[in-house]
Amino acid sequence: MSETAAPRASALQARLAELSRFARAFRRNPLGMVGLFIGLLLILAAIFAPWLATHDPYAPDFGGRLTPPGAEYWLGSDELGRDIYTRILYGSRITLFIVALVIFTSAPIGLFMGVISGYFGGWIDAVLMRITDVFLAVPKLLLALAFVAVLGPGIVNAALAITLTAWPPYARLARAETLAVRNADYINAIRLAGASPIRIIARHVVPMCTSSMLVRVTFDMAGIILIAAGLGFIGLGAQPPLPEWGAMIASGRRFIFDQWWVAAMPGAAIFLVSLGFNLLGDALRDLLDPHAVRRT
Amino acid sequence: MTTNPGTRSTRAAGRALRLGGSLASVALTIAITLLGLVALTFFIGRIVPIDPVLTIVGEKAPPEVYDRVYRELGLDQPLITQFLYYLRDIARGDLGQSYTTDRAVLSDILRFFPATFELAVLGIIIGVALGVPAGVIAAVKRDTWVDHIVRIVALIGYSVPIFWLALMGLLVFYAKLQWVGGPGQLDIGYAYSYTRVTGFILVDTALSGDWAVFANAVSHIALPALLIGYYSMAYISRMTRSVMLEQLSSEYVLAARIKGASEYTVVVRHALRNAAIPLVTIVALSFGGLLEGSVLIETVFSWPGLGNYIAQSLLGGDMNAVLGGTLVVGTIFVLLNVGSDLLYRLLDPRTKAAAQ
Chain H
1 MSETAAPRAS
11 ALQARLAELS
21 RFARAFRRNP
31 LGMVGLFIGL
41 LLILAAIFAP
51 WLATHDPYAP
61 DFGGRLTPPG
71 AEYWLGSDEL
81 GRDIYTRILY
91 GSRITLFIVA
101 LVIFTSAPIG
111 LFMGVISGYF
121 GGWIDAVLMR
131 ITDVFLAVPK
141 LLLALAFVAV
151 LGPGIVNAAL
161 AITLTAWPPY
171 ARLARAETLA
181 VRNADYINAI
191 RLAGASPIRI
201 IARHVVPMCT
211 SSMLVRVTFD
221 MAGIILIAAG
231 LGFIGLGAQP
241 PLPEWGAMIA
251 SGRRFIFDQW
261 WVAAMPGAAI
271 FLVSLGFNLL
281 GDALRDLLDP
291 HAVRRT
Chain C
1001 MTTNPGTRST
1011 RAAGRALRLG
1021 GSLASVALTI
1031 AITLLGLVAL
1041 TFFIGRIVPI
1051 DPVLTIVGEK
1061 APPEVYDRVY
1071 RELGLDQPLI
1081 TQFLYYLRDI
1091 ARGDLGQSYT
1101 TDRAVLSDIL
1111 RFFPATFELA
1121 VLGIIIGVAL
1131 GVPAGVIAAV
1141 KRDTWVDHIV
1151 RIVALIGYSV
1161 PIFWLALMGL
1171 LVFYAKLQWV
1181 GGPGQLDIGY
1191 AYSYTRVTGF
1201 ILVDTALSGD
1211 WAVFANAVSH
1221 IALPALLIGY
1231 YSMAYISRMT
1241 RSVMLEQLSS
1251 EYVLAARIKG
1261 ASEYTVVVRH
1271 ALRNAAIPLV
1281 TIVALSFGGL
1291 LEGSVLIETV
1301 FSWPGLGNYI
1311 AQSLLGGDMN
1321 AVLGGTLVVG
1331 TIFVLLNVGS
1341 DLLYRLLDPR
1351 TKAAAQ
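Top line first, the protein sequences correspond to chains H and C.
So that you can map any letter, position 61 of the first sequence is 61 in this note's numbering, and since no number is skipped, the others follow by simple counting.
So that you can map any letter, position 18 of the second sequence is 1018 in this note's numbering, and since no number is skipped, the others follow by simple counting.
Just so you know, the hints here were simulated from the structure itself, not pulled from any lab data.
Only a predicted model underlies this, so the values are computations on that prediction, with no experimental measurement involved.
Hints may contain errors.
What the hints assert, rightly or not - Subject to a maximum C-alpha distance of 25 angstroms in a straight line, what follows is the list of computed SDA-like cross-link-like pairs (lysine to any residue):
1. 140(H) to 1280(C)
2. 1176(C) to 79(H)
3. 140(H) to 1093(C)
4. 140(H) to 1110(C)
5. 140(H) to 1090(C)
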């Protein structure tokens, strides 16, 4: 074994030990486990939708229109005779896609703005935080709606609109974390050793932000799912015939009093998934965020 | 300790000066944020792929008419000049013309706002009346079954898609149980039996003196009001709980306990009074959230409010109305946001000390 490999292996061991400690602590939180289970269910449903489905998600079958839940249609069928269970399965792909797109755009934008703002301070900080405050102070859903209205309806545009309203909390968070470590001894030591600001930020400041960012991301997933569903419901998100859950509720609205399942089932799916992410977020915050008041 | 009157008055003057300074900085914050909001709506309005000249002159207009309107709208000016024109129009209360209703957007908004405001006020009253006690009890009885129930009820409240819950509410309480009225503010038969005075349906029907109409209005507003009440209660109870937990674990509470104060005194006179200041912020934010959420809830209940107006305009591509509505709701939102922050600073001596 070479001389550099040994410390690396022990670092890996330390990481693994930390991870298993974390997993043990997480297992003790039953609600968190329920949340994790729901999250995994969503991912599995999205991956294996073609194998789990019982029908074609798009093909109309006018003989089986608006059939109540039963042996043929597990969760009933909609106004075009499409199986709602199958459509919900495929809809999980759209939900995951929107959530992932929003998270992978808004979290890095927020992280970048926050870290730059916190690290350099001065007028850069003042300008960036003013912009952040403006976005934080305006109503999120309305802003997203207005953006989608001009960008045109669709999944990607809906996700972009949500991103535009979702990044500011990450910027605030990353800035606070950066301020906390900016003048720490270890950062000063690295600076004295001659590290460039980019290196300091990328290698030593950003990693300090990850755990609180992760908690925030998990919480936000529920909110993103709800806003995306709201956009779909109003008719500005995914367009028919895509099986987006919010749009499915909108089309089931016409039959709500007689064929309640058309709107009820996709809504239950949204509720379940957002509940799952909230539970998961609660559990992660209790474990990862030492600043938060313990709320369990 | 004795202080001579001279230093006391300088101290008071210093305090007044600091207060004036913090008021000025708050005013500046509000101004910058509102300017940012206006810039956002301006920007959104500029990237609309619809040619504003064509919507006025029509497809078949001769080029010279097109050019004239183009100049009249100021579109030949640099963007910054256009923005200043936009600011001037807004300062004059001119939000443009609604394409669908063919009225000035501002008069549309003023017409639809009372219905939204009425619903949101009822919602926030229900939310505070249920949420604050629930949060306090959950914090006091921490980790007991009471606490768990409060937390689960709140968790469901902010996990559920509100428009779906509204549909389910209509299905169960209107269609099946027939406990409440359906969508709209009144049954069709009552629609012309009152005169619009304030725009608040409960007030107007009460003024009409016909109790059957008033009762009908109550049966219609009950379900949406309870729903958004539940929605804000979920947020308020959760925040109240965590604020109260923080207070109950602080040293002054311990001191009060050691002194032998009763549980009621400790919780209500000491902890709740200190929790009141953050609670004001929480309630203000939650009220702003209700105004915004009206877009979804009013669509479901066909409620003739601002939310419904914005949703209809969105679908009709009526951007003047959408941006005007966004601007008005956004302004209220910002004022609530910054206003509660200001109140916080005025009421809490510690934030004043920290700001120095």
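Exercise. Could you work out which earlier hints the structure fails to respect and list their numbers in ascending sequence?
Key: Result: no hint breaks.
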